[in-house]
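Trainee: The sequence shown maps to residues 1 to 84 in full-length UniProt numbering.
Treat the hints with care, since some could be wrong.
As the list claims (entries may be wrong) - Computed spacing ranges between beta-carbons, pair by pair:
no., residue 1, residue 2, range
1, Asn49, Pro80, 45 to 53 Å
2, Pro80, Glu51, 30 to 38 Å
3, Val70, Ser46, 34 to 42 Å
4, Gln50, Glu29, 30 to 38 Å
5, Gln45, Lys24, 30 to 38 Å
6, Asn37, Val70, 48 to 56 Å
7, Glu16, Lys55, 53 to 61 Å
8, Glu79, Gln45, 47 to 55 Å
9, Ala15, Asn37, 28 to 36 Å
10, Leu57, Leu33, 34 to 42 Å
Said to hold, decoys possible - List of simulated lysine-lysine pairs, DSSO-like, C-alpha gap at most 30 Å:
no., residue 1, residue 2
11, Lys31, Lys55
12, Lys25, Lys39
13, Lys39, Lys55
14, Lys52, Lys39
Treat the hints as calculated values from the structure; they're not laboratory data.
Source: prediction; values computed, not measured.
C-beta: ideal position from N, C-alpha, C; glycine also.
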Amino acid sequence: MCFVLFKNCSTDGNAEENAVFLRKKRELELKRLELENEKLEREIQSLINQEKRAKELHNIELRRLRLQMVMMGADLLQEPQREE
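Full structure from sequences and hints, please.
Mentor: Below is the structure:
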């Protein structure tokens, strides 16, 4: 009878230890997922910022090319007309 009581106590203790272990394991997995999520959010924000910067640079280049075309047109208007 004493052996059975000891075994039951041991089994209850193991079940409790297993429950604590599983809870800790879930908490660690949750923390890992939260950290991974934060990392992915930072990467997404970085990509969004890169895309914004690329669009800004593209618009700057378009403005530069338009200005260059206007200046070339102005130069053509200022050239003396050649008579043929």
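Trainee: Evaluate each hint against the coordinates.
Mentor: Right, here's what the structure says about each hint:
1. Asn49 - Pro80: 45 to 53 Å: The hinted range 45 to 53 Å holds for Asn49 and Pro80, with Cβ atoms some 51 Å apart.
2. Pro80 - Glu51: 30 to 38 Å: At 48 Å between Cβs, range violated.
3. Val70 - Ser46: 34 to 42 Å: 36 Å, holds
4. Gln50 - Glu29: 30 to 38 Å: Taking Cβ atoms as reference, Gln50 and Glu29 lie about 31 Å apart, which means the hint holds.
5. Gln45 - Lys24: 30 to 38 Å: 32 Å, holds
6. Asn37 - Val70: 48 to 56 Å: At 49 Å between Cβs, range holds.
7. Glu16 - Lys55: 53 to 61 Å: 58 Å Cβ-Cβ, so the 53 to 61 Å window holds.
8. Glu79 - Gln45: 47 to 55 Å: Holds, at about 52 Å.
9. Ala15 - Asn37: 28 to 36 Å: 32 Å, holds
10. Leu57 - Leu33: 34 to 42 Å: 36 Å, holds
11. Lys31 - Lys55: Judged against 30 Å, a Cα distance of about 36 Å means the pair is violated.
12. Lys25 - Lys39: 21 Å, holds
13. Lys39 - Lys55: 24 Å, holds
14. Lys52 - Lys39: 20 Å, holds
Checked against the numbered hints above, the structure violates hints 2 and 11; every other hint is satisfied.
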